[in-house]
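2 protein chains.
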Amino acid sequence: MLILTPKDEVDESSETHELELGIVGHGPAGLTAALYASRAAISVACIGKDYGGAMGLALEIENYPGFENISGIDLTDKMRAQAEKFGTKIVYGEISAIEKAEGNKFLIKSDMGNYLVKALILATGGRHKELDVPGEKDFIGRGVSYCATCDAPFFKEKTVVVAGSGDAAATGTLALSDVGAKKIYWISRSDYLKCERIYIDREEQRDNIEILFNKQISEIKGTNTVEEILFSDGTSLKADGIFAEIGSLPNNELAIALGVELEEDLIKTDDDCKTNIPGIFAAGDVTSKIKNPLSRQITTSVGLATIAAISAAEYLQARKTMKED
Amino acid sequence: MLILTPKDEVDESSETHELELGIVGHGPAGLTAALYASRAAISVACIGKDYGGAMGLALEIENYPGFENISGIDLTDKMRAQAEKFGTKIVYGEISAIEKAEGNKFLIKSDMGNYLVKALILATGGRHKELDVPGEKDFIGRGVSYCATCDAPFFKEKTVVVAGSGDAAATGTLALSDVGAKKIYWISRSDYLKCERIYIDREEQRDNIEILFNKQISEIKGTNTVEEILFSDGTSLKADGIFAEIGSLPNNELAIALGVELEEDLIKTDDDCKTNIPGIFAAGDVTSKIKNPLSRQITTSVGLATIAAISAAEYLQARKTMKED
Numbered sequence: 000m001l002i003l004t005p006k007d008e009v010d011e012s013s014e015t016h017e018l019e020l021g022i023v024g025h026g027p028a029g030l031t032a033a034l035y036a037s038r039a040a041i042s043v044a045c046i047g048k049d050y051g052g053a054m055g056l057a058l059e060i061e062n063y064p065g066f067e068n069i070s071g072i073d074l075t076d077k078m079r080a081q082a083e084k085f086g087t088k089i090v091y092g093e094i095s096a097i098e099k100a101e102g103n104k105f106l107i108k109s110d111m112g113n114y115l116v117k118a119l120i121l122a123t124g125g126r127h128k129e130l131d132v133p134g135e136k137d138f139i140g141r142g143v144s145y146c147a148t149c150d151a152p153f154f155k156e157k158t159v160v161v162a163g164s165g166d167a168a169a170t171g172t173l174a175l176s177d178v179g180a181k182k183i184y185w186i187s188r189s190d191y192l193k194c195e196r197i198y199i200d201r202e203e204q205r206d207n208i209e210i211l212f213n214k215q216i217s218e219i220k221g222t223n224t225v226e227e228i229l230f231s232d233g234t235s236l237k238a239d240g241i242f243a244e245i246g247s248l249p250n251n252e253l254a255i256a257l258g259v260e261l262e263e264d265l266i267k268t269d270d271d272c273k274t275n276i277p278g279i280f281a282a283g284d285v286t287s288k289i290k291n292p293l294s295r296q297i298t299t300s301v302g303l304a305t306i307a308a309i310s311a312a313e314y315l316q317a318r319k320t321m322k323e324d
Numbered sequence: 000m001l002i003l004t005p006k007d008e009v010d011e012s013s014e015t016h017e018l019e020l021g022i023v024g025h026g027p028a029g030l031t032a033a034l035y036a037s038r039a040a041i042s043v044a045c046i047g048k049d050y051g052g053a054m055g056l057a058l059e060i061e062n063y064p065g066f067e068n069i070s071g072i073d074l075t076d077k078m079r080a081q082a083e084k085f086g087t088k089i090v091y092g093e094i095s096a097i098e099k100a101e102g103n104k105f106l107i108k109s110d111m112g113n114y115l116v117k118a119l120i121l122a123t124g125g126r127h128k129e130l131d132v133p134g135e136k137d138f139i140g141r142g143v144s145y146c147a148t149c150d151a152p153f154f155k156e157k158t159v160v161v162a163g164s165g166d167a168a169a170t171g172t173l174a175l176s177d178v179g180a181k182k183i184y185w186i187s188r189s190d191y192l193k194c195e196r197i198y199i200d201r202e203e204q205r206d207n208i209e210i211l212f213n214k215q216i217s218e219i220k221g222t223n224t225v226e227e228i229l230f231s232d233g234t235s236l237k238a239d240g241i242f243a244e245i246g247s248l249p250n251n252e253l254a255i256a257l258g259v260e261l262e263e264d265l266i267k268t269d270d271d272c273k274t275n276i277p278g279i280f281a282a283g284d285v286t287s288k289i290k291n292p293l294s295r296q297i298t299t300s301v302g303l304a305t306i307a308a309i310s311a312a313e314y315l316q317a318r319k320t321m322k323e324d
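Protein chains in written order, with numbering that gives the first Met the number 0: chain C, 0 to 324; chain Y, 0 to 324.
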C-alpha cells in the first residue's frame, strides 16, 4: 500500500537544489519536524516515498489526541498541508543514496532530484514484519492489524487470533482481553513462547484467552473483512481479526550507509535527538529513544520530531554564526 | 484565566471514589494519558482545575500537527471529549493533598470529592513567570506571549519587545528575527545578559535586533492589542507585542509532598516515565525528560503522556497478577 501521488509537482531534472534542511520520511515524525523547522523560517525539503509512513496504512486512528476518529491518509493530508503552508517542499521520491558532501553538507540523491543540505533529520520509521501469507495484504485495516495498542478497542466482543510468541504478542493478547474481546486465540509457530514469564501468568488468569502451539498460518480468508484463519496443519479458526505481532524492522539502511551509530538496529540519539554525526538528527520509530515498542505511536513520533527540529534549528543557527555557511 | 466549568457534573459529596488510575492535570499530557489509559479499559479520573493547562491559554495554535490553526480551548475540548468517550471521568476540582493509603494506594483529596487510586500520573505542568505589571493579563494572546517558539511567526513585520536575559530570551529574539519581525528590542532589567555568549554573537549579526540594558517594564498599554511598553525610567517603546521570556516554574508541589524525587525542581523520571515511587508516573512539562526548555510543546507532552499511560497500564496489570488487588 505504497501511495505515490503523481499529481504532486515534482522535479525530474538533474539539477541540485540547495536547502538548509533535508528530512527523510513522510510519516508523523518527518512531517512534524518539517512543520517546526519551516515555521522557524528554515528552508526544508521533506523527502520520502511512503505517504504517511506507517500512519498512512491505518484505516482508523482513535488515539491521536484531537481527532476522535480519522484515517491515516486524512491525518497525513493535514500534517502535510500544515508543513507546506510554512514553506516545506514535499518531495515524493525514492532516495538512492545520501552522501557526505564538501563544506559539511549532505547530498540526498533521489529519482525526483538531488538535494544538497546543511543538516539532516532521519525519520525513516520502521516496518512491521509481515506474515507473508495469502489474504494478508487484502485485509489490512479490515481485520489484519500489526498494532494491538492502536486497534484492540475495535475488537470488543469479537473473536481474534494473535500471532507471535514475544512480548508484543503477549501484551497484545492481554490488551484484547482487557477491552472485552469475546475470545482470543494466541498462536505460536513453535512449541514455546518467548515472552516474559509474567505475561504468561497473567494470560492464565483470563477466561477468554486460549494458547495454541505449533500453529503456522497458511492463509487469511474473508469477504469484506477477515472471517477465517487457515493453518498449515489443515485446521482453521473462525475469527474476525488477526494481529500479527511478530516484530518490526527499523528502516535504518540510509543511516548505516552514512555511518550513523546504531543501538540494537535503531538509530542511537541523545536527549536532543542528535546522532553521533554533527548535523544529523533522528526522530520517530527509527530511533532508540522509545524503549518500549508499545510506545511507538504517532504521539511519541511528533514529540521526538519537535525535539529534533529544534535541535537542527540551533545547529543551523550556530553554523551561521561560525561563518561556516 | 483559570476556567472553571460549572456546567460539568461534579460530585461534592464526601464519598470516596475507587478507581484504578488518577491523573492530575488537564493539559495535553493529562488528557492524552487519560485517552490512552481509558482506551486500554482502565478506570480513570483526570483531576485538575485549569482547563487545558498552559495550552488552554493559547489563543492560536499553529504547531500541533493536524490543526492548521486552533485555539487552546477548542483543542482542549477535543482532547477532553476523546478521553471521556472511552470512559475517563473528568473532574474539575482543586486538589488539597495526595496521600499514600493502605494497600499501595493513593488518596487524592479535592474539593470535588476524594479519589482512591492504585496508580498516579502527575501531569501538573508548569507556569510561565509573569512580569506582574498592569496590562499584562489583559493582553495575553493579544500581544503578550510567553513562548517565542509558539508565537514568533505571528509577529512577522511587527515590532516586538523581548524581556529577559537568559537563553530563552536570547533564542526567542533570534526566532523573531528569523521569521521576519521588523524590529526587536531585547531588554534586560540589569546591565548584563545571562545567556550563553554564542547567542550574543548571533544577535550582533542581525540588523533588526537592538539590545537595551537597565530597562524595567512598568506597564503594557494598548486598545485591542498591545501598542506600547512603558518603563520605570519614564521611557517607552511603541510595540505590537511583548515576549516575557523570564523563565518558568514547574507545578511540583504535590510531587514534593509525596516524596517524589526531583531534578532541578522537575520530576525525575526514567525513559518509561516512572518516578522513584512505584505506582507514580509523570508526563509533560513538569518532568525532567525534556532537556531543552524550548521543547516544552504540546507535541512533546502528548508523547510523554503516551509512554506514562502505557507504563501505568503495565504496572496495574502486574498488580492484578500478583493478587495485590
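Think of the hints as simulated: they come from the structure by calculation, not from any bench.
Treat the hints loosely; a few may be bogus.
Because identical chains cannot be distinguished in the list, a pair is counted as satisfied if it fits within a single copy or across any two copies.
[Stated by the list, open to error] With a cut-off of at most 20 Å between alpha-carbon atoms, the simulated PhoX-like pairs for lysine-lysine come out as follows:
#1 K84 - K155
#2 K128 - K88
#3 K108 - K319
#4 K128 - K104
#5 K48 - K77
#6 K290 - K273
#7 K128 - K99
#8 K128 - K182
#9 K84 - K99
Keep in mind that this is a model prediction, so the values were computed, not measured.
Hints versus structure:
Proximity of K84 to K155 under the C-alpha cut-off of 20 Å is restricted to the inter-copy arrangement: shortest distance 15 Å between copies versus 40 Å within a copy. Proximity of K128 to K88 under the C-alpha cut-off of 20 Å is found in neither arrangement, the shortest distances being 31 Å within a copy and 37 Å between copies. Taking the closest pair of Cα atoms, K108 and K319 never come within 20 Å of each other, the shortest separation being 25 Å inside a single copy and 53 Å across copies. Taking identical chains as interchangeable, the C-alpha atoms of K128 and K104 are never at most 20 Å apart, the minima being 34 Å within one chain and 40 Å between chains.
Taking identical chains as interchangeable, the C-alpha atoms of K48 and K77 lie at most 20 Å apart only when both belong to the same chain, with a minimum of 17 Å there against 32 Å between chains. In this assembly of identical chains, K290 and K273 lie within 20 Å of each other by CA distance both inside one copy and across copies; the values are 17 Å within and 13 Å between. When the C-alpha separation of K128 and K99 is checked against a cutoff of 20 Å, the pair qualifies neither within a copy, at 31 Å, nor between copies, at 44 Å. In the homo-oligomer, the alpha carbons of K128 and K182 never lie at most 20 Å apart, since the shortest distance is 24 Å inside one protomer and 54 Å across protomers.
In this assembly of identical chains, the alpha carbons of K84 and K99 never lie at most 20 Å apart, being 30 Å within a copy and 50 Å across copies at closest.
This entry does not satisfy hints 2, 3, 4, 7, 8 and 9, going by the numbered hints stated previously.
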